[in-house]
Amino acid sequence: MPAGNPLFNHHQFAEQNTMMQPPIVPPPQQQPGMYAPPQVPQGGGYQQGGGGAPNTNNPFQNHQQHHQPHIPLVQQPPPPPPAAAPGGITSSSNRYPPNPALQPQNYAQPPPVPGSYLPPQQAPAPQRYVISGQPVNPSNIYPTIPSPGAPLPNNYSNQQQQPPQQYQNLNQAPLPNSHNQNQYVPPQNQQHAYNNGGVGVNQVTGGLNSMSITQQGFNKLWGTDHADLLKTRQVLPPEGVKSPEIRFQHEYMNHVNCSPDLFRCTLTKIPETKTLLQKARLPLGILIHPFKDLTQLPVIQCSQIVRCRSCRTYINPYVYFVDQRRWKCNLCFRVNDLPEEFQYDPVTKTYGDPSRRPEVRSGTIEFLAPADYMVRPPQAAVYLFVLDVTTLAVDTGYLKTVCDVLLEHLDTLPGDARSQIGFITFDSAVHFYNMNSSLSQPQELVVCDIDDIFIPCPDNLLVNLEESKEVVRHLLTNLPGKYLSSQNEPRSALGAALLAAQKILGPIGGRITVFCASLPSVGPGSLPNRQADVKSVKDLTTALNPSTDFYKKLALDCSTQYIAVDLFFLNSQYCDVASISCISKFSGGSIQYFPNYHMVENPIQAKLFEQAMVRYVTRKIGFEAVMRVRCSRGMSIHTFHGNLFVRSTDLLSLPNVNPDAGFGMQVSIDESLSDFQTVCFQAALLYTSSKGERRIRVHTLCLPVAGNVNDVIQSADQQAIIGLLSKMAVDRSLSSNLMDAREAFVNAVVDVLSAYLTTQNSLPNLALVAPKCLQMLPAYTHSILRSMGFRADLRPRLDDRTQFMNQMKTLPLFQLIQTIYPDLYPLHTIASVPLVQVPQSSRSTTPENGEEEEKYPQFPVLHLCSDRIEATGVYLLDQPDLILIYVCRNVSTQFCEDVLGVQGFVALHEMDDLPELETEWANLIRNFISYLQSNKPYQVPIRIIREDSRERMWFVNNLVEDRGEGSVSYYEFLQQLKNMVK
Amino acid sequence: MAFTFVAFSYILALIIDAFLIFFAIFNIIAFDELKTDYKNPIEQCQSLNPLVLPEYGLHMFFNVLFLFNGEWFSLVLNAPLIAYHVHRYLSRPVMSGVGIYDPTSIMNTDVLNKCQREGWIKLAFYLLSFFYYLYAMIYSLIST
Numbered sequence: 001m002p003a004g005n006p007l008f009n010h011h012q013f014a015e016q017n018t019m020m021q022p023p024i025v026p027p028p029q030q031q032p033g034m035y036a037p038p039q040v041p042q043g044g045g046y047q048q049g050g051g052g053a054p055n056t057n058n059p060f061q062n063h064q065q066h067h068q069p070h071i072p073l074v075q076q077p078p079p080p081p082p083a084a085a086p087g088g089i090t091s092s093s094n095r096y097p098p099n100p101a102l103q104p105q106n107y108a109q110p111p112p113v114p115g116s117y118l119p120p121q122q123a124p125a126p127q128r129y130v131i132s133g134q135p136v137n138p139s140n141i142y143p144t145i146p147s148p149g150a151p152l153p154n155n156y157s158n159q160q161q162q163p164p165q166q167y168q169n170l171n172q173a174p175l176p177n178s179h180n181q182n183q184y185v186p187p188q189n190q191q192h193a194y195n196n197g198g199v200g201v202n203q204v205t206g207g208l209n210s211m212s213i214t215q216q217g218f219n220k221l222w223g224t225d226h227a228d229l230l231k232t233r234q235v236l237p238p239e240g241v242k243s244p245e246i247r248f249q250h251e252y253m254n255h256v257n258c259s260p261d262l263f264r265c266t267l268t269k270i271p272e273t274k275t276l277l278q279k280a281r282l283p284l285g286i287l288i289h290p291f292k293d294l295t296q297l298p299v300i301q302c303s304q305i306v307r308c309r310s311c312r313t314y315i316n317p318y319v320y321f322v323d324q325r326r327w328k329c330n331l332c333f334r335v336n337d338l339p340e341e342f343q344y345d346p347v348t349k350t351y352g353d354p355s356r357r358p359e360v361r362s363g364t365i366e367f368l369a370p371a372d373y374m375v376r377p378p379q380a381a382v383y384l385f386v387l388d389v390t391t392l393a394v395d396t397g398y399l400k401t402v403c404d405v406l407l408e409h410l411d412t413l414p415g416d417a418r419s420q421i422g423f424i425t426f427d428s429a430v431h432f433y434n435m436n437s438s439l440s441q442p443q444e445l446v447v448c449d450i451d452d453i454f455i456p457c458p459d460n461l462l463v464n465l466e467e468s469k470e471v472v473r474h475l476l477t478n479l480p481g482k483y484l485s486s487q488n489e490p491r492s493a494l495g496a497a498l499l500a501a502q503k504i505l506g507p508i509g510g511r512i513t514v515f516c517a518s519l520p521s522v523g524p525g526s527l528p529n530r531q532a533d534v535k536s537v538k539d540l541t542t543a544l545n546p547s548t549d550f551y552k553k554l555a556l557d558c559s560t561q562y563i564a565v566d567l568f569f570l571n572s573q574y575c576d577v578a579s580i581s582c583i584s585k586f587s588g589g590s591i592q593y594f595p596n597y598h599m600v601e602n603p604i605q606a607k608l609f610e611q612a613m614v615r616y617v618t619r620k621i622g623f624e625a626v627m628r629v630r631c632s633r634g635m636s637i638h639t640f641h642g643n644l645f646v647r648s649t650d651l652l653s654l655p656n657v658n659p660d661a662g663f664g665m666q667v668s669i670d671e672s673l674s675d676f677q678t679v680c681f682q683a684a685l686l687y688t689s690s691k692g693e694r695r696i697r698v699h700t701l702c703l704p705v706a707g708n709v710n711d712v713i714q715s716a717d718q719q720a721i722i723g724l725l726s727k728m729a730v731d732r733s734l735s736s737n738l739m740d741a742r743e744a745f746v747n748a749v750v751d752v753l754s755a756y757l758t759t760q761n762s763l764p765n766l767a768l769v770a771p772k773c774l775q776m777l778p779a780y781t782h783s784i785l786r787s788m789g790f791r792a793d794l795r796p797r798l799d800d801r802t803q804f805m806n807q808m809k810t811l812p813l814f815q816l817i818q819t820i821y822p823d824l825y826p827l828h829t830i831a832s833v834p835l836v837q838v839p840q841s842s843r844s845t846t847p848e849n850g851e852e853e854e855k856y857p858q859f860p861v862l863h864l865c866s867d868r869i870e871a872t873g874v875y876l877l878d879q880p881d882l883i884l885i886y887v888c889r890n891v892s893t894q895f896c897e898d899v900l901g902v903q904g905f906v907a908l909h910e911m912d913d914l915p916e917l918e919t920e921w922a923n924l925i926r927n928f929i930s931y932l933q934s935n936k937p938y939q940v941p942i943r944i945i946r947e948d949s950r951e952r953m954w955f956v957n958n959l960v961e962d963r964g965e966g967s968v969s970y971y972e973f974l975q976q977l978k979n980m981v982k
Numbered sequence: 001m002a003f004t005f006v007a008f009s010y011i012l013a014l015i016i017d018a019f020l021i022f023f024a025i026f027n028i029i030a031f032d033e034l035k036t037d038y039k040n041p042i043e044q045c046q047s048l049n050p051l052v053l054p055e056y057g058l059h060m061f062f063n064v065l066f067l068f069n070g071e072w073f074s075l076v077l078n079a080p081l082i083a084y085h086v087h088r089y090l091s092r093p094v095m096s097g098v099g100i101y102d103p104t105s106i107m108n109t110d111v112l113n114k115c116q117r118e119g120w121i122k123l124a125f126y127l128l129s130f131f132y133y134l135y136a137m138i139y140s141l142i143s144t
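Protein chains in written order, with full-length UniProt numbering: chain A, 1 to 982; chain B, 1 to 144.
Honestly, the hints are just simulated from the structure, not real lab data.
Any given hint could be a false lead.
[Said to hold, decoys possible] To give an idea of the chain A side of the interface with chain B (calculated C-beta under 8 Å), a few residues: (1) SER536; (2) SER547; (3) THR548; (4) ASP549; (5) PHE550; (6) GLN561; (7) PHE586; (8) ARG633; (9) THR639; (10) VAL646; (11) THR649.
Please read all numbers here as calculations on a predicted model, not as lab measurements.
In this text, a Cβ means the ideal position worked out from N, Cα and C, and glycines have one as well.
If we strip away everything but chain A, and leave its shape as in the complex, we get:
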């Protein structure tokens, strides 16, 4: 042990403590059996040599070396049958010891209630651990799995009655389970998996100084232990960061909260007062993905939708039934009458028990709205495509892709017999197409007077898709050729085209899809090239803000007419995304950006664009939408983020809503919540489906209230926090400047860690301690500060930066996190990682897999750090828009042959897809990739790159924890944080 290093001294001390631990095994009466310090697993022995000094001076030491001896544990024979425990103690990620072998397979699953929703990614996990004596029986597995809202005390009481032996079983039982299912868990995996175990030990030992053992046990039990970030190298759990569970005190055990994929709060326990929130120094807000594609969603048609009479809250699982006829609203506490109809349960077809209704059984529900939810008859699906045909745009060849995709999916465009479609093209003039069904081919009408744009003919620019399908086909077939040949104008009259489009759609509403590849330079809405004005980071503020309010005003006009504008940028030159994107930002549109798009020269981008187009034209769409977010009395929504227009304090106008849009809201606490045990948020999205039905989708999220700072901090959801902070940072960099935003980011993290430090007394001085739930926060922050959007140099192009910021505002949390911190998986460990079942929902998207049971290897997620890259490795980097497979030089021949289809690294070429090989490994990796793809809105291109190729920078640039040009490494960043945390 290098004695000179204070960090190591501490460590040594910690280890000694660890070794002294057996006598302090808690007595069974006091200690829930769940408590399990990591060293307890027997047999393998915890032989971490106190004197076996790590061979490095790096305080950022790798704990995996220490724990190698632990490995045999995984291969132990199954333990003796667990002691008969009355109540099943069931899996829940936080109640385990940080045991390497089982962590990757933990899934905390809400129990699927009949008719409830199951998110696509979270279909019933095949590997569940039922730790008590009950066998794992798939048929009765649901009741034993606690929901996120399940009350822990219940379990807790069970455990108190357990005999002491149970203690051992708890540690061992899960292991054989994984063992049985995975046959073999070989060493490579343990290295990664074990890292986590190292964290656990470190956490435990680090905290020993200050905490009593009981306290510590409880902390571990509740997942509230902490670690010194400077010494813990592996803070990323191998199974990836999951959303924390929401834990209630005792009620509501059967109720299902809204899925965390749809609705998340930055804190899973709401502080009871504003002061408490300030003490915790955490941002409070909710992130919502309201229109996500769901595989299971209870839809209810009833004559009267039950709502609170005073606050208009929809009835939800968290209301209180005063008696059979009355219910008490959980947001405003008014007692309301129940309609007669509500006594009837449509599922079981019985009367008398209102609590069996699907409305009170599911946190997410959809109603078919009766006529009083309409201000006008539901509109038809209306699509207007506005295509850029300037020289720059035509040269990219995008018209061909767009027209081909549309031709192919013309019959599957969401809509009914009333659907209408129209096309406009623009260069320096605006071209309209009369597609009357009586015509044999479309008639082009050109309006050159762009300063005072008018509609050349009143009808037939927007035609019924069914009636005019042939004409539309004709147009789509000929459009790419038409502009390929002619000499096009370089100037773009985007503004005029948009005005025209708005005039055409004005009476009905609908969706305008704009393809834009060049800077609008003539007519209304023309924009100057502001790129040259940006000479320093300070100038960025103006360049990131719109230069004109033309697009914003137009967007507001569109918004009142139920028109949404979706943008596709295909520019290779500066296009002022900042100004133009206002048209989508305030009209509920989506902004997609394909920089340097070229159909031939940039095949990856071309493929991505094509997939995005297919998704775009076939995805669900909601017209005439409004969303209202209500929250319990005492709280209020403060600021809204996303592409929307705020029409009143809690009402968002979304002319269109699409399934890929996410929203964020900052929440403030106005009054003390100490009288309440829980608070609720309810988001109700009222929209017209493409079939002309008026529907309301209601999401309800219920959270417990906490009264002390520690609870609040321990309940933090780091991903949601980053999601909210990044939205706030975007606002900050637009209103103030980028450096302020960066500073605010760092301050936010420092604040949280300082607040945590004050709640913990007498921690070792040299530590940067973070609670378990916030350990990735610095890594995410560090990464976001280096990202295209927030880096403090002028290297990213202006448009790239703007689009990054747009994405921060609108991406659903999963993709947002992946944008900031992509997932890195070691593919070469395939022989050793456990296999898991492909979730049901994602299997449907890969129909070729047929009937047989599909499994994919569950690779551990790695830190984005170059010292995790081994020379013999193959790594998969999962980014939102590209999957990179990075093959290192010394990759094993077997892997090359089995998966890559080549003899060895030398023979490997850069490829755009894995070869279709029928080997076991190739199949598994294909399954894995299709699983990853199923988590994305659309399939993204795959690129296989060699370690020595030029494209390696694509990969290397994503290793954000390394030191980069002009930016500090993650470790240096942590040291900076440490100096700031007080």
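Fit chain B to the known structure of chain A by using the hints.
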């Protein structure tokens, strides 16, 4: 007792100040309506924005009169508000029309609170200065 230019400017200031009080009240009510969901922010901004420049102009107008009269004390009292008005207008969001209120950001609770607070403070200031102008007017009328 003399009806001087000074007295005249104070009388004007008094009258204008009464208008300004109405402006401030109107602003407060408008923002309150926004807060309580009665009005659409687009319409509300459309009604508020045209009034911004007249308000600033009127306020500046009688201060110019004070300047000509050498009423330094009154001018100094008003100087902070003038500076604030100039600053407020220079840092307005990108807009093609007149005014300072942007319907897309006005519903942000921070902005709304700030605007409302600004309204109350201005109302208080105008009310106090109303009495001051009254006093100054009488003083200038009776002093020779």
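The hints, checked one at a time:
no.: 1; hint: SER536; result: violated, 20 Å
no.: 2; hint: SER547; result: holds, 7 Å
no.: 3; hint: THR548; result: holds, 7 Å
no.: 4; hint: ASP549; result: holds, 5 Å
no.: 5; hint: PHE550; result: holds, 7 Å
no.: 6; hint: GLN561; result: violated, 12 Å
no.: 7; hint: PHE586; result: holds, 5 Å
no.: 8; hint: ARG633; result: violated, 16 Å
no.: 9; hint: THR639; result: holds, 5 Å
no.: 10; hint: VAL646; result: holds, 4 Å
no.: 11; hint: THR649; result: holds, 6 Å
The structure fails hints 1, 6, 8 (numbered hints given earlier, in ascending order).
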